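A.B. asks: Quick note, the sequences are listed as chains A and B, same order.
Heads up, the first sequence is in this note's numbering, so the first residue is 11 and it goes up one at a time.
Heads up, the second sequence is in this note's numbering, so the first residue is 11 and it goes up one at a time.
Think of the hints as simulated: they come from the structure by calculation, not from any bench.
Every value quoted in this text rests on a predicted model; they were computed, and no experiment measured them.
Watch out, some of these pointers could steer you wrong.
Said to hold, decoys possible - Label-pair distances were calculated between CB atoms; the ranges are:
| id | chain 1 | residue 1 | chain 2 | residue 2 | range |
| --- | --- | --- | --- | --- | --- |
| 1 | A | His80 | B | Glu149 | 42 to 52 Å |
| 2 | A | Asp76 | B | Val174 | 57 to 67 Å |
| 3 | A | Val57 | B | Glu149 | 32 to 42 Å |
| 4 | A | Ser266 | B | Tyr204 | 48 to 58 Å |
| 5 | B | His131 | A | Arg136 | 15 to 25 Å |
| 6 | B | Leu79 | A | Lys269 | 15 to 25 Å |
| 7 | B | Ser192 | A | Pro108 | 37 to 47 Å |
What the hints assert, rightly or not - Heads up, simulated DSSO-like pairs for lysine-lysine below, C-alpha to C-alpha not over 27 Å straight-line:
| id | chain 1 | residue 1 | chain 2 | residue 2 |
| --- | --- | --- | --- | --- |
| 8 | B | Lys96 | A | Lys135 |
| 9 | B | Lys241 | A | Lys96 |
| 10 | A | Lys135 | B | Lys135 |
| 11 | B | Lys96 | A | Lys144 |
| 12 | B | Lys135 | A | Lys96 |
| 13 | A | Lys96 | B | Lys144 |
| 14 | A | Lys30 | A | Lys47 |
Ideal placement from N, C-alpha and C gives every residue a C-beta, glycine not left out.
Protein chains: 2
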Amino acid sequence: MKRILAHISYDGSGFRGYQKQLNARTVQEEVERALAKLHKAEKWQAVSSGRTDTGVHALRQPLHFDSPLHIPEERWPMALNSLLPKDIHVHTCREVDPSFHARYDASGKEYLYRMTTGEEHSVFKRHYEHQLRKTPDQERMQQAADFMLGTHDFSSLSSPRTSVVDKVRTMYAVDVLQDTSSWTLRFVGSGFLYQMVRVMTGTLLEVGFGAREPESIPAIIRQEERAAAGKTAPGHGLYLSQVFYEEEALKAHLASIRKS
Amino acid sequence: MKRILAHISYDGSGFRGYQKQLNARTVQEEVERALAKLHKAEKWQAVSSGRTDTGVHALRQPLHFDSPLHIPEERWPMALNSLLPKDIHVHTCREVDPSFHARYDASGKEYLYRMTTGEEHSVFKRHYEHQLRKTPDQERMQQAADFMLGTHDFSSLSSPRTSVVDKVRTMYAVDVLQDTSSWTLRFVGSGFLYQMVRVMTGTLLEVGFGAREPESIPAIIRQEERAAAGKTAPGHGLYLSQVFYEEEALKAHLASIRKS
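Assemble the whole structure, with the sequences as input and the hints as a guide.
C.D. replies: As structure tokens, then:
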């Protein structure tokens, strides 16, 4: 058996999130179905770096699976893409050590949250960007974002609907990037709790619209209580963009975004 | 009764084209259903500037309908949008003369065809751009496009599956615009036949990839035979972008695109 690490992208608008569940179309179900077909088996397991929520997209999500097939690395994407639906795409596959684990070995992740502000409603963006009529204050949002950096218990800034107990995570970068009407919020951290990026985004937006002060963030975090923070921003603006397994790759990425 | 001219956009990926038909979701059906609901009637007629094919999008498609309701012009979009599905949006409505006709009065139309070349496949563009692995030659395509300008019988460059007899149309602009990997083909003409933009695009691509010469276009047109031209490009890259009713508006638009 070889262990294969695949990087996939998907358009989350047709899925009830990544994780398999009864009576709902999920990314995991489609990926495992393709793997089962390829292996002529009834089922086949894929282990992802993590889950995504309903409507959330992935630009590069890693997952691993084991296979006895003798397919060269560079042929794997084509073999899988021919069996996958059009809203999932395998970009790369490579053989990794059998001890590699796509979830447990992740040392950092990057999420992007995309918004458009002050523009007329676009039907073409409805699944891909959070469209806001008004334009928030970028500087205030970045000031608030800076208070989220570092190591904190993120209970206030994530959903309580989780079985995860340890809610301490480290944020390496929270950048509020605006290019006229197009916004990207970039979050790089050691890991992310359930709905954490969406709660952080919703809270930053409330600061940007003047409903909260940037300086209120430390107190919100200290309360360790979801009710202290802002609304959960909609899932369709959110993209899992990268997962880091090597400390070096994470550092290089942080250095590159700090330069630009 | 007032006659209202509405401008709508729609994401064509969820529709079997504009025109109503049995057992298929169409834009016309959804628009007329919303109008019927608003008027508390069983059905209500909308007359569009024309049809679009399966998967084809509209940025601004005009349509007219009659109404006895006393709704101020600026309130119409909201009233209709609240009854329409999320993939159709009404941008503006205004009262027009009862003699106005959205189809018969059109004196010109603009279509855009969007492509991406030489990039990795993107799941996010699959409904919105024609994704090509290789990059065609822009100069050759523009040379070929120039031969399509003017007044011709476009039988060769449109589908024969039509009841339209007069196939003479005038092309005012056929521009092949490239911005690195992002392409927009712009077609402005007096009118367009069934699948005409898609056949023109497919033929231009064959020139761009070297399978035909730019100078072959006049002979293709003269044959007045669909088989003489290239393949039909896929519908999902195509956008109806504007319809002109006033000669002046069309002239101003042509002047503005010639300047840029």
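A.B. asks: If a hint holds in the structure, say so; if it does not, say that too.
C.D. replies: Hint check results:
Look at His80 of chain A against Glu149 of chain B: about 46 Å separates their beta carbons, and that is inside 42 to 52 Å. The hint said 57 to 67 Å for the Cβ distance between Asp76 of chain A and Val174 of chain B, and at roughly 59 Å that hint holds. Roughly 49 Å separates the CB atoms of Val57 of chain A and Glu149 of chain B, a value that falls outside the hinted 32 to 42 Å. Range check, Ser266 of chain A to Tyr204 of chain B: Cβ separation about 50 Å, and the 48 to 58 Å hint holds.
The hint said 15 to 25 Å for the Cβ distance between His131 of chain B and Arg136 of chain A, and at roughly 22 Å that hint holds. The hinted range of 15 to 25 Å is not satisfied by Leu79 of chain B and Lys269 of chain A, whose Cβ atoms lie roughly 58 Å apart. Checking the proposed 37 to 47 Å range against Ser192 of chain B and Pro108 of chain A shows it holds: the Cβ atoms sit about 42 Å from each other. In summary, the hint linking Lys96 of chain B to Lys135 of chain A is supported, as the alpha carbons are separated by about 11 Å, within the 27 Å threshold.
Restraint check for Lys241 of chain B and Lys96 of chain A: the C-alpha separation of about 23 Å stays at or below 27 Å, so the hint holds. A threshold of 27 Å between alpha carbons decides the hint, and for Lys135 of chain A with Lys135 of chain B the separation of about 11 Å falls inside it, so the pair holds. Distance check on the hinted pair: Lys96 of chain B and Lys144 of chain A sit about 20 Å apart at the alpha-carbon level, within 27 Å; holds. Using a Cα cut-off of 27 Å, the hinted pair Lys135 of chain B and Lys96 of chain A holds, with the two alpha carbons roughly 11 Å apart.
For the hint linking Lys96 of chain A to Lys144 of chain B, the alpha-carbon distance of about 20 Å falls within 27 Å, and the restraint holds. Between the alpha carbons of Lys30 of chain A and Lys47 of chain A the distance comes to roughly 17 Å, so the proposed pair stays at or under 27 Å and holds.
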